[in-house]
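Participant: The listed protein sequences derive, respectively, from chains Z and A.
All residue numbers for the first sequence refer to full-length UniProt numbering, where the first residue is 122 and numbers rise by one.
All residue numbers for the second sequence refer to full-length UniProt numbering, where the first residue is 122 and numbers rise by one.
The reader is advised that the hints may include incorrect statements.
Not the full set, but computed from the structure, chain A residues with beta-carbon under 7 Å of chain Z [stated by the list, open to error]:
1) 138
2) 146
3) 169
4) 206
Since the hints were derived computationally from the structure, they do not count as laboratory data.
Ideal placement from N, C-alpha and C gives every residue a C-beta, glycine not left out.
2 protein chains.
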Amino acid sequence: AQMALERDYETQREYDTRYRVLSEATRDAFVFVGTKSGRVIDANPAACALLGVARSDLIGNAVAQEFDGRRRAEFVEALNLRAMDETAGPLEAEARRTRTPVRIMPTAFRAAGEPLILCRIDPVEAAAAGGNEMT
Amino acid sequence: AQMALERDYETQREYDTRYRVLSEATRDAFVFVGTKSGRVIDANPAACALLGVARSDLIGNAVAQEFDGRRRAEFVEALNLRAMDETAGPLEAEARRTRTPVRIMPTAFRAAGEPLILCRIDPVEAAAAGGNEMT
Numbered sequence: 122a123q124m125a126l127e128r129d130y131e132t133q134r135e136y137d138t139r140y141r142v143l144s145e146a147t148r149d150a151f152v153f154v155g156t157k158s159g160r161v162i163d164a165n166p167a168a169c170a171l172l173g174v175a176r177s178d179l180i181g182n183a184v185a186q187e188f189d190g191r192r193r194a195e196f197v198e199a200l201n202l203r204a205m206d207e208t209a210g211p212l213e214a215e216a217r218r219t220r221t222p223v224r225i226m227p228t229a230f231r232a233a234g235e236p237l238i239l240c241r242i243d244p245v246e247a248a249a250a251g252g253n254e255m256t
Numbered sequence: 122a123q124m125a126l127e128r129d130y131e132t133q134r135e136y137d138t139r140y141r142v143l144s145e146a147t148r149d150a151f152v153f154v155g156t157k158s159g160r161v162i163d164a165n166p167a168a169c170a171l172l173g174v175a176r177s178d179l180i181g182n183a184v185a186q187e188f189d190g191r192r193r194a195e196f197v198e199a200l201n202l203r204a205m206d207e208t209a210g211p212l213e214a215e216a217r218r219t220r221t222p223v224r225i226m227p228t229a230f231r232a233a234g235e236p237l238i239l240c241r242i243d244p245v246e247a248a249a250a251g252g253n254e255m256t
């Protein structure tokens, strides 16, 4: 059983590395948020650039404080509602530090038992110029 | 030690899930390739759509056979050379099944000791238009 656990551990360590490399290589901005706490668990470089904050300063913060015009509890509740409802549109907000209008696309999931929300954050002008799928 | 290993195992299982959710949520097309074998280890839905192949049919295939005009050994070597050299441009190719001109941006890394290449595959027309969405 010990051997099997160690073998699994090796496999899982590979996902850890793949996760990191993928989050750095994607051009989309992503933030992982704890559903209960509303706090940022991880953010990729594209998200840090879009929000105008260092990763170390972002992790642990309430995600709501990175956006204007939304109270903390209401913000996380709005993310959750949209994450549950596939027909709901993105959440419109403004990145507080960079004053960038954004659209937030949340996905709810569970990792190691804890409910999390993955937020893809798209700057509005890039979406308009790219003519992509958001409407 | 057993307890610590199990605790680590829980943490690592979380990265497994985060990896999967992130790879599905990103609009960029990504393929993981084994450096030695040249075979596809994983691909996200955006990559499957761009290459016109089901994930289950793609995994295990030589990555070179998804692109035209490149021999297998030469293709993986070209990916490797670009992955090592940050000043090198992307690799130009054509997706064989969908006849889509693409640019491949490789990143070399090691996971659990095995050398891997992460390839971001951008369709050329979308890149020119300034967006990154296909269809």
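Participant: For every hint, state whether the structure bears it out.
Facilitator: Each hint tested on the structure:
no.: 1; hint: 138; in the structure: holds, 4 Å
no.: 2; hint: 146; in the structure: holds, 6 Å
no.: 3; hint: 169; in the structure: violated, 15 Å
no.: 4; hint: 206; in the structure: violated, 16 Å
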